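All chains should be built: construct the whole structure from the sequences, respecting the hints.
Chains as they are written, first to last, in our numbering: chain A, -7 to 292; chain B, 856 to 1120; chain C, 91 to 324; chain D, -8 to 318; chain E, 1052 to 1454.
Please note that the accuracy of each hint is not assured.
In silico DSBU-like pairs for lysine-lysine, Cα to Cα no more than 35 Å straight-line [what the hints assert, rightly or not]:
1. B:875 - C:215
2. E:1353 - A:59
3. A:59 - E:1303
4. A:84 - C:157
5. E:1445 - A:59
6. C:108 - A:84
7. E:1442 - A:59
I should point out that these hints are in silico values taken from the structure, not numbers from a laboratory. In this text, all values refer to a predicted model and were calculated from it rather than measured experimentally.
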Amino acid sequence: MSEFLQQLVNGVTWGSVYALIALGYTMVYGILRLINFAHGDVYMLGAFFGFFAARFLNAARDPSPFKALLVLLSAMVACGIIGIVMERAAYKPVRRSSRLAALITAIGVSLLLENGGILLFGPDPKFFPQIIPARNIALGMGVTISNQQILILSVSLVLMFALRFIVLHTRTGKAMQAVSYNPMAAALMGISVDRIVTFTFMLGSMLAAAAGVLVALQNPKIEPLMGIMPGLKAFVAAVLGGIGNIPGAVLGGLVMGIAEVLVVGYVSPTYRDAIAFVLLIVILLVRPAGILGRNVAEKV
Amino acid sequence: MNPDVLLEVDRVTMQFGGLKAVADLQLEIGRGELVGLIGPNGAGKTTVFNFVTGVYAPTVGRVLFEGRAIQGLRPHAIAKRGVTRTFQNIRLFASRCCRDNVLIAAHHHATAGLSDALLRNRRFAEDERGMRDRADELLGVMGLTEWADTRATELPYGQQRRLEIARALAGRPRLLLLDEPAAGLNPQESEQLMRLIEDVRRRFELTILLIEHDMKVVMGICRRIAVLDYGIKIAEGTPDQIRSDPRVIEAYLGEEVTVPRAKGS
Amino acid sequence: MLEVRDLDVYYGAIHALKGVSVRAESGEIVTLIGANGAGKTTLLRTISGLVPSRAGRITFEGRDITKMPAHEIVGLGISQAPEGRMVFANLTAEVNLELGAYLRRDRAGILEDRERVYTLFPRLKERRRQSAGTLSGGEQQLLPIGRALLWRPRLVLLDEPSLGLAPLLVREIFRTIHQINRGGVTVLLVEQNAHMALSIASRGYVLETGHVRLEDRASALLENPEVKSAYLGG
Amino acid sequence: MKQLAGLALILGVLGILNFVLPQALNPYFMRVLMLCGISVVLAVSLNLINGFTGQFSIGHAGFMAVGAYGSAMFSLHVGAGWVRTLESAGAPEAAAQGLALLVALMVGSVLAAIAGYLVGLPSLRLRGDYLAIVTLGFGEIIRVIITNVDAVGAARGLPGIPGWANFFWVGLAVVAVVVVSRRLANSTHGRALFAIRDDEIAAEALGVDTTRYKVLAFVISSFFAGLAGGLFAHYNAYLHPNSFTFLKSIEVIAMVVLGGLGSISGSILAAILLTVLPEALRSAQELRMVIYSLMLIVLMITRPGGLLGNREISLDFLRRRRSAGRA
Amino acid sequence: MTSRTLLRLSVVAVLASGLISAGCGGSASKDELVIGEYGSLTGNDATFGQSTKNGVEVALEELTAQKQGKIGGLPVRVQVEDDQSKAEEAATVVQKLINQDRAIAVLGEVASSRSLAGGPICQNAGVPMISPSSTNPRVTQVGDYIFRMCFLDQFQGTVMARFTAQNLKLRKVAILKDSKNDYSVGLARFFTEAFTGLGGSIVTEQAYQSGDNDFRAQLTAIKAKNPEAIVVPGYYTEAGLIARQARELGLKQPLIGGDGWESEKLIEIGGDALNGCVYTNHWALDLQEPRLQAFLKTYRDKYQGDPDAIGGLAYDAANVLFGALEKLAEQDPQTFKGLASSKAGSDARKAAEKRLRDLIATTTSYPGVTGTITLDENRNASKPAVVIEIKGGKKTYNSSFNP
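Set out below in C-alpha cells:
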C-alpha cells in the first residue's frame, strides 16, 4: 500500500509537469489547429536558460528562494521571446498554407532547436545546480515527498491557475477564446488575430519553460534532446484530455503521469514509453475526441 | 404499402442537442414524381436530405425506400440502393477533373476489381472504357463536354452546379435529391436548369426531390410541393395551393409590419 | 459615408462579386436583398476586410479601407453583426457581448451600454451566464446585434438578422434596428425577408449572382413587380 | 503480352544495372543510391495514405519495422537454410538468394500489411489529428515491443541478417511501388481514394465505401513500407530498434509533403533529395543538421504545396501530348 | 529579382555546393595517412561520440607535438564523421570514410550496435577497425580486422560480482539496468551469473531506459525488497541521478557500477549521494602513473575537464593504431608506402593494410592510460580492472583485479 501511495505521489508530480507542457500544445492547437512539434524543445530551452541564469546568479554556491524565483522567471521570459520569434519567423508565413505544410515546418523548427542546441550547448549533459537542496518530508504510511516535488506541484498549480485566470478573466484571454472558436468572427470584434496568436505562443512557451526549470531542479541532467520524449508524451496527454481543451490538458497530463509511474512500478519500466500510447489508443477508441473533448458533427 | 411510393419518410424526428431540426415529419414520394421541398432558411430542408441519404440517422422514425427501411444505413450503402444527391454548398472533388468527378460517382458500378486494376488486364480496360463512355455521355447531357478535362473547381459557378447533378446521375439513382441546384444562378441559367432537370427526369426515369429557394424554379416544374417551417411540415399541395396558403406567405415574407420609415428616405 | 466601387471578388475560380458598387450615406438604412448565393454576405465580408478583393475600392468616410486588415476596419467604427452561426458558442452570452467592446477601454461606458443591450433584449440578460451555444436560435441571433451595439460603431453591417426567427422576434429585431439607426448609426442590412427590410430601409439594392440588378428607393422597390416575382415566383 | 514484354525489359535493365553500377560507382555512392531507393519506396507508399487518401499517418516507421524484423527473422531461421540447401543442390547463388529474399520480403510485407489493416481500422472512428496520433502511437508501441523482445535481439539489435538485397531488388521494389501507385491512381479505386481526400462526405454520399477504402490505403501502403523495411534489413544486414523511431516516420512525411501531396513523382524527387541532402551536407560537420532543418523550414515557407504540388512529371505527360497530336 | 526567387536560388546554390563538395571530398591532393573516425556527434548518444573525438584529438595533438603529426614521413589526418547515433548512418559513414576519404584504418564506435553496423564494411574492405569501447562480444567476431580496446562485459561483470561478494561481503543485491543499452544489459547478465555463482542472490531486477530522468518508481519497488546494495550497470548520465533519488527515497545502501560511471560529471550530479558507492574501471585518476598523468594534463589543458572512460579508451585506441603504423614504417618502409592516400584501391595498399592489421593484432603489454593492454587471439583487450570507491565526494583507488 505504501509503495502504491509513493508511486502515486511520484506520478502526480510527473503528471503536473506533463500538464504544464500539454497546456502549450493545447492552446496553440486550439487557436491554429497546429501541432507545434517544437514545443518539447522549448521545454528543453527553458531548462537551459534556467541553467545559465542560475550560473550567472551563482545560485549553486549561494542558493536562495529569491534566486530560484529569478531563475524560473528569466527562463520563462527567454522562452516567451523564443516563442514569439518562432511564431513570427516560421509559423506565420505558413499559416495560410495547408496544415501539413505547417506541420512539416514545425518539425523543421523542432530539428533546428535540437541541433542548434547541440551546437550551442554541446551534446553532453549539463547538470542543473542545486538551487533548492532536497529534503524529504514524511507523509506517513512510509510515503515521503521531497520539498522539490512539493515545489513542482505548487508552482505548476500556481501557473495553471494563473493561466486559467488569464484565459477566463482578462480581455486578452477572452480574445484568445474567441480566436480559437472562430478567427473570422473574432476579427470582426476588432481583435487582431495575429497578435493573439503570437501571445498564445508566448504564453505556451513560458509554461513549457517553467516545466523545464522545475524538472531540472529535481532531475538535474539536462541535454539538448531532453525535450523530445516529454514533448511527445505531453502532446499525447493533450490529445488524451481533448486537444484544444485547457482543463483537458491538465487532466490528460495527470492521467499520463500516474499511468506511467504505475506501469514502471508494477509492470515493466521498459514499457514506459509504450503505455502512454496504449492508453491513448484505448481512450480514443472509446472517446474519439478525448476525455473532455466534444465531438463536433461536420456540417453538410 | 403502396408500390407506387418510392420513398416514405415515416414520422421522423431529428434532434440535435436541444434543437429539433425536423419534427415528426411524414412525407411520401411516388415513383416518377418531382416533388419540391421549400421553406425559409433553417427550416430543416437539408436535414431531411441528410437523414434520407444516411448522413445522420434519424432520432425517431423510419425511412423506407422501395418499401425497405434504410434509416441508419451508411450513406454509401444507401447510394448503392439508388438514392443520390447534390449538395447545397457544392461539394465537388476539387482536385479532380469533371470526368473524374462523374467517374467517382459511378464507382460502385465498376465490375473490375482491384487486382484487375493492378494487372491492367482486358477486363479492367473494358470496364474503364465503359465507365468513361457513360461519364462522357452524362457530361454531354449536362452540357459539360467541353469541360471534361478541366479541374472541377476551375469551372464557372453555374457549370459546377450542373456537374454536381451529372455526378449524382452517374450512380444511376432511382431517387435523386437536389439541394438548391439553382442557388446563385441568374434567371436565364435557372430557366435552362429547370428544363434540364425535367429532361433528365424523363430520360433516366427518375424520381426527384428538390429543395429550392428560387420559387420560379419550384413552381415551374414541381407538381407537388411540401413546405417546412421550423422543422414542421406546414403545407403540402400543388403550386397554386401553396402560393395562396397564408401560412406559407407568412413563413416566407414575414408579416407585413408597419414601422416608421427611416430618415433620409 | 461608405462607398464601394466596382468591387470584384473571387473565391478560388468563382467570381463572387462582379463590379459591385454600393454606397450608404450617413444616417441611412440601406438594405441589400437577393437570393441565396447572390453575393450579399460576400459583400459584407469584403467591406469588413475578411475577404480580399481583386479589384475595386472601398472607402469609409473618405479613407481607403480596401486593403486594411479586419480588426483595423473595426477600429474605424465599422461593426458587422455576422449571421447567427458566428457567435462564440463556447463562451457565455455575456462574454460574447463584452467581446463586442474589445476595443473600448472605458469600463463604465461598457457596463452602461451592456445594460442598454439588456434592456433592449431582456432575454439575453436572463441567459447571460449560459454559454452561447446553448441559447436558442433566436437568442443566438440577438447576440451579434448586441455585440455590434457595444462597440458603438458609426456604421453597422447586419447579415440576415431575421434568419430562422419567429415572426414576433423578427419584429422585435427590426424595431431595434430602427432604434439603433435613430441613435445616429448608419445601417447596411442584408436580408432575405425583403418585405421587412424594405419597409424600414431608405434605399435598397437587389443583388443577383454577384452584381447589382436593381437600385432604388426602398418604397419603390417594395412596389416593383420584378422584386415580387423574384421572391415569390411567377 | 505487351505487359510481359515490359516486365522482361525492366528485369533485364535492372539485372544489367545491378552488374554495371557497382563497377562504376564506389561502394559509398552505391550505398547512397540504395538508400535513395528504399526512401523512394517508403515515400511513395506513404503518399498512398497521406497524399492520395488525405488521411494522416505518422507511424510509417512502425510498418517498416514490422516488415524489417519480420523478413529478417524469416531469413535467419528459414531462408538461410533454403539457400544452403539450394546451393548444395547446385543452384546458382544469385537465384537461391533471390528466391529466399523474395519469400522473406513477402513475409515481412504481408505482416506489415496485417499491421496496416489493424491500424487502419481505427480510422473508421478517428479523423485528422486523432488518427495521426494513433498511428504515431502504433509506431512507438512497435518500437518498444521490439526493444523488449529478446528473440529479435531487443535493445542489442539483430545482427547477422543475410545481406541479399542488391540493386536489382531495390530497383524492382521501386518499380513495383510506382507501378502499383500509378495504376491505382488511374483506376476507379484510386479515384475513390482521391474522392475521400477531397470530400469524404460527398464521396460517401455518392457510393464510395470510405471505410473500406481508407483501410485499403493503409493495407497497401503498409505492405510497401514493410517491403522497404525488408530491403533495409537485408541490405544493412543489421537491425536496431533505434532505426525506427518516430523521427523516421517524420522523415518520410517530410518527403511526401515536400514532394507535394498526391504526386508520385514529387514523392520520388523529395525522397531522393532528402536522402542525398544530409550526405551532401556532411562537409558542414556539426552544422549539417542545423542547415538541414533550416532548409526544411525555408522550403515549406517558399513552396507550401510541395515541390510539385499535385502535378506529376512523367512519361505520361509526353504520351498525352503524343496522343493529342494524333487526335 | 524577387526575394522569393532569390531564396530559391540560394537553396539551390547551397544544395549544389554541398553535392560538389561531397563529390570532391575524397580527392586528396597530397599524400597523407587518412584515419577515419565515426561516432555519434549528434543524436541520443552525442556525448559519447564527442568523448571519443576528444580522446582521439589528444592523441593526435601529442603526435603533432612529438613528430610534427607525421608517421613514416606522411602527415596523419583524422577524418571524423557523425552517424547521428543511428546504425544505418554508421554503415553509410564507414562506407564514406573508406571509399571517399580513403581511410587506411577506422576508429569507432562506442555503441556496439553501430560498431556492428560499421564493422562488416571495414572487414569486407580489408581496413582495420578499432572500437574503443564496444563491449558486445559479437563486435570482434565480425572478422579478423576488427579490434577493441576495452575489456568485455563478462570480465567486468565478474569483477563486480567478486568485489561485491568477497570484498564487501554482501549477499542480497538489487539490479537496476538500462534495458535500452546492450552494454548495461550484458553487464547485468554477467554480474548475475558470477554473483549467484558466488552464493549471492538478486532480490529484484529493475530496468530503465537511457535518457530517463526519473527512477523513483523503480527505486520505490527496490526499496520494498530491502537489498544490501543496488547494482547499477549503466552510464554516469543516469547513475548520479539514481544515487540522488535513491537517497531521497531513503535508500542508504551502496550503489555498485561499472566503467560507464567514469566521468567527472558523475560527482557533479550525484554529489554526496554517491559516497560509499563503488565501481569498476580502467583507470584510477588518483594513481600517480606518469603516462596517465601526462594524458590528463594535456586533456585538462585542452578541454578544461577530466575525460571519461570512453575518452581514455579512444586515446588508447588511437595510440595503438599510431604505434602499429610506426612499427610498420620502421620494419617495412616499402609496404608502408602503400598506405599513402594516392595508392587507394591498389594492391600495394591492400598489402599494407593487411600488414597493419597483423601489427595491431600483435599488440602486447601496451602501456595505455586505461591499463596495460594485450590483444588476445579474439582481438579483444585483456587488461586489469580497478575498483574505485567514492569517499567524501572524491574518487579513490580501492583495488585491482587481473584477468
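Quick rundown of the hints versus the structure:
Between residue 875 of chain B and residue 215 of chain C the CA atoms are separated by roughly 24 Å; this keeps the pair inside 35 Å, and the hint holds. This hinted pair checks out: residue 1353 of chain E and residue 59 of chain A have alpha carbons roughly 33 Å apart, not beyond 35 Å. Between residue 59 of chain A and residue 1303 of chain E, the direct Cα distance comes to roughly 31 Å. Compliance with the 35 Å bound is thereby established for this hinted pair. Only pairs whose Cα atoms come within 35 Å are accepted, and residue 84 of chain A paired with residue 157 of chain C is accepted, the gap being roughly 19 Å.
A threshold of 35 Å between alpha carbons decides the hint, and for residue 1445 of chain E with residue 59 of chain A the separation of about 29 Å falls inside it, so the pair holds. For the hint linking residue 108 of chain C to residue 84 of chain A, the alpha-carbon distance of about 31 Å falls within 35 Å, and the restraint holds. Restraint check: the Cα-Cα separation between residue 1442 of chain E and residue 59 of chain A comes to about 31 Å, which is no more than 35 Å; the hinted pair holds.
In this structure, every one of the numbered hints holds.
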